[in-house]
Amino acid sequence: MSEFLNLLAAGLTSGAIYGIFGACLAVWFRVSNVLNLAVGDFAMLGAIGSAWLVQTGGLPFGLGIVIVLAGVGLTAWVFDRLVLHVAFDRGVGAHGIVSVFFYTFGLSLVLEGAARALFGTDVYGAPSIWSGPALAIADFHVQRAGVLVIALAVVSGLVLWAYLRFTVSGRAASACGESVIGSRIVGIDSAKFRRRIFIATAVLAALFGIVESPITGYTYMSGPTLSLIGVVAAGFAAFRKPGRAVAAGLVIGVAEAMLGGYVSTSYSDVLLYAILFGIIILRPEVLGLGAEPA
Amino acid sequence: MTEPAATDRGTIESPAPATATADAAAGPPRAAGPPGVTGSSGVTVHRVSRRDPVPVAAGVAIAVVGALVLAAMNGSYLGLTVTTGVAYAVVTVGMVLQLGYSRQLAFSQSVFMGVGAYGTGVLETKYGFSSLESLLAVIGLAAVAALVIGAVVTRAPGLALALATLLLPLFIYQLATFSSWLGSFSGIDGVLPFWSGPSYESTLVRSGIVSVVLLGLAASIVLRVMRSGIGLQLMAMSSDERLSESIGVSLRQRRLEVFVLGSVLAAVGGAILASAQGLVTPDVLSESAEITLLLMVFVAGRKSVAGAIIGAIVVEYLTTSTSFISTNLGIIEGIVLLLILLVEPDGVAGAVDRLLGRRTDQWATSLRSWSSERLRARGGGNGAGNAAV
Chain G
1 MSEFLNLLAA
11 GLTSGAIYGI
21 FGACLAVWFR
31 VSNVLNLAVG
41 DFAMLGAIGS
51 AWLVQTGGLP
61 FGLGIVIVLA
71 GVGLTAWVFD
81 RLVLHVAFDR
91 GVGAHGIVSV
101 FFYTFGLSLV
111 LEGAARALFG
121 TDVYGAPSIW
131 SGPALAIADF
141 HVQRAGVLVI
151 ALAVVSGLVL
161 WAYLRFTVSG
171 RAASACGESV
181 IGSRIVGIDS
191 AKFRRRIFIA
201 TAVLAALFGI
211 VESPITGYTY
221 MSGPTLSLIG
231 VVAAGFAAFR
241 KPGRAVAAGL
251 VIGVAEAMLG
261 GYVSTSYSDV
271 LLYAILFGII
281 ILRPEVLGLG
291 AEPA
Chain W
1 MTEPAATDRG
11 TIESPAPATA
21 TADAAAGPPR
31 AAGPPGVTGS
41 SGVTVHRVSR
51 RDPVPVAAGV
61 AIAVVGALVL
71 AAMNGSYLGL
81 TVTTGVAYAV
91 VTVGMVLQLG
101 YSRQLAFSQS
111 VFMGVGAYGT
121 GVLETKYGFS
131 SLESLLAVIG
141 LAAVAALVIG
151 AVVTRAPGLA
161 LALATLLLPL
171 FIYQLATFSS
181 WLGSFSGIDG
191 VLPFWSGPSY
201 ESTLVRSGIV
211 SVVLLGLAAS
221 IVLRVMRSGI
231 GLQLMAMSSD
241 ERLSESIGVS
251 LRQRRLEVFV
261 LGSVLAAVGG
271 AILASAQGLV
281 TPDVLSESAE
291 ITLLLMVFVA
301 GRKSVAGAII
311 GAIVVEYLTT
321 STSFISTNLG
331 IIEGIVLLLI
341 LLVEPDGVAG
351 AVDRLLGRRT
361 DQWATSLRSW
371 SSERLRARGG
381 GNGAGNAAV
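Chains as they are written, first to last, in the working numbering: chain G, 1 to 294; chain W, 1 to 389.
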């Protein structure tokens with residue numbers, strides 16, 4: 001029983017990682033019909049940036065967090081003004097299915113290259129926000145950072161779900177994704193919602209990177225893998241439902257841990273991805289993707 | 001004059017010569033006459049022809065020029081870099097058809113590169129196959145694998161296809177790294193060159209020449225498809241799937257064909273890579289390999305075969321050189337990609353076309369004419385309005 005509980009704790013921790021990136025991807029896709037493939041790079045910037053400011057710059061951890069989050073928000077704002085605004089508000093450049101992936105893919109490359117130039121190839125981990133030994137109840141052990149990760153993922157998923165479902169602003173944001181022209185006709189500033197939610201999800205991802213980095217450590221190359229896992233989790237939430245993305249991420253994480261614990265440690269990821277692949281192919285309706293976005 | 005009838009494969013049965021125009025109501029593209037005829041409106045229109053000399057000529061030109069360039073490099077390190085670039089170019093040529101021309105958003109090319117590379121390595125080092133035998137075997141293996149995988153993944157619509165094929169590199173990479181039979185992280189060493197010579201340099205030149213011949217063949221096949229009636233059907237699909245289905249295009253069949261062709265070419269590229277480098281490592285299957293391939297296609301021009309070839313070789317050169325560019329390649333690639341997406345979505349090749357004053361939408365006129373005819377045959381009027389591209 002204790003083995004099962006410990007596997008569950010490990011699975012929930014890694015599942016929370018998948019879920020939070022899935023939620024960030026889903027909420028912005030719902031507004032813009034664009035997948036943010038740079039979301040993992042924002043987390044990487046948060047983790048490495050705060051660790052670097054504390055370890056090399058000698059700044060207090062709290063101040064480092066504030067500076068990094070402000071820097072990430074500014075980066076997201078600049079990208080929106082220079083690229084997304086030009087592409088989507090002025091109608092310049094590539095559109096259609098290409099725009100769904102490749103603008104943010106370009107940003108991901110830039111952030112990865114910039115991180116390598118600034119921070120090198122070392123592994124970084126921010127100081128733990130809640131330090132101390134692992135929490136233990138009988139044989140059940142969970143790291144404090146893991147508890148924070150799970151809590152942040154669940155709270156973020158719930159807040160984003162509630163925002164989209166119960167607030168006028170959230171409904172207006174959803175309307176932008178349904179029809180940009182329609183939303184503009186009724187007075188919704190789609191560019192504003194796209195920009196604000198892009199910045200908010202970038203900052204959330206960076207915060208998550210700071211909280212999570214004591215567990216796994218980050219390098220300049222960590223971003224794409226996190227984004228990819230987020231895309232998978234968001235895919236099981238039709239790319240539009242952040243709450244469901246968190247739930248999907250948690251299920252995927254627990255499944256991965258159980259496969260690793262009870263079937264094969266080496267092949268747990270292989271089996272997991274094979275199962276997910278099978279689900280997508282055999283039951284594509286699970287994803288809720290009827291057609292390509294306009 | 002008898003109006004030619006379009007077959008279900010999109011080719012034209014009547015050999016009657018006629019003048020193609022940019023007018024949608026002027027009828028379908030004709031069979032006879034060379035492609036690239038100036039119509040009455042002064043717009044150059046490519047016409048579907050069974051005796052189109054361009055693909056073969058392009059393939060021969062690529063093979064000859066490539067062989068001369070590699071011979072001039074005389075087995076130097078640069079020659080190895082170019083041969084490696086040629087391996088990637090075979091893959092990107094397939095991606096032009098798959099991603100650029102048909103807009104089939106599949107991210108499985110690195111996986112099939114791995115099929116080609118690992119297939120070659122395993123067959124040669126464990127089963128004693130020769131280079132030619134292993135090449136033919138991996139082509140067959142990749143075709144069967146692509147048919148099986150494609151039969152299921154091409155059922156998935158749009159983003160689901162992208163998501164399914166995104167998962168493929170993730171678990172195939174892990175499978176390769178954990179499999180001792182595939183050499184785990186070290187991979188497989190001792191892959192044979194395509195054509196051995198008395199020295200390392202001559203072997204490199206000879207194998208490079210075989211590689212550019214394969215590249216010429218790949219380019220020829222892809223250009224032939226793009227310039228055929230099937231190419232028009234693919235363009236119609238990429239423009240509007242519902243419209244193309246309404247005029248008789250079999251979406252599932254065309255999707256599968258494009259997937260299989262792109263995958264087989266990726267496997268051939270993998271075989272060339274393994275042969276040129278003499279070893280196979282899991283890196284060929286990694287997500288970064290897929291990213292590099294995407295950059296090669298998008299930066300150079302996702303709809304241009306020539307662009308894809310030059311892009312693959314140039315990006316490979318920049319990646320392996322020790323200059324400032326290779327150190328900061330990621331940031332440079334990202335900025336260039338963003339600039340291209342914003343300024344010229346058809347890449348450097350599109351920009352060159354524009355600079356030279358060539359129309360990049362010349363095929364659209366042929367597509368418009370062809371789809372108008374299909375709609376008319378189905379009792380839908382001349383279809384001029386609906387078939388606009």
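No lab work stands behind these hints: they were computed from the structure.
A quick note: this is a predicted structure, and the numbers were derived from the prediction, not measured.
All C-beta atoms, glycine included, are put in the ideal place defined by N, C-alpha and C.
One or more hints might be untrue.
Said to hold, decoys possible - Just so you have them, the derived chain W footprint on chain G, three or more residues with Cβ under 8 Å:
| hint | stretch |
| --- | --- |
| 1 | 78–91 |
| 2 | 168–177 |
| 3 | 269–278 |
Said to hold, decoys possible - Pairwise CB distance ranges, derived in the manner of DEER restraints:
| hint | chain 1 | residue 1 | chain 2 | residue 2 | range |
| --- | --- | --- | --- | --- | --- |
| 4 | G | 262 | W | 283 | 46 to 52 Å |
| 5 | G | 263 | W | 251 | 36 to 42 Å |
| 6 | W | 314 | G | 118 | 40 to 46 Å |
Run through the hints listed earlier and report the numbers of any the structure violates, in increasing order. Result: hints 2, 4, 6 break, sorted rising.
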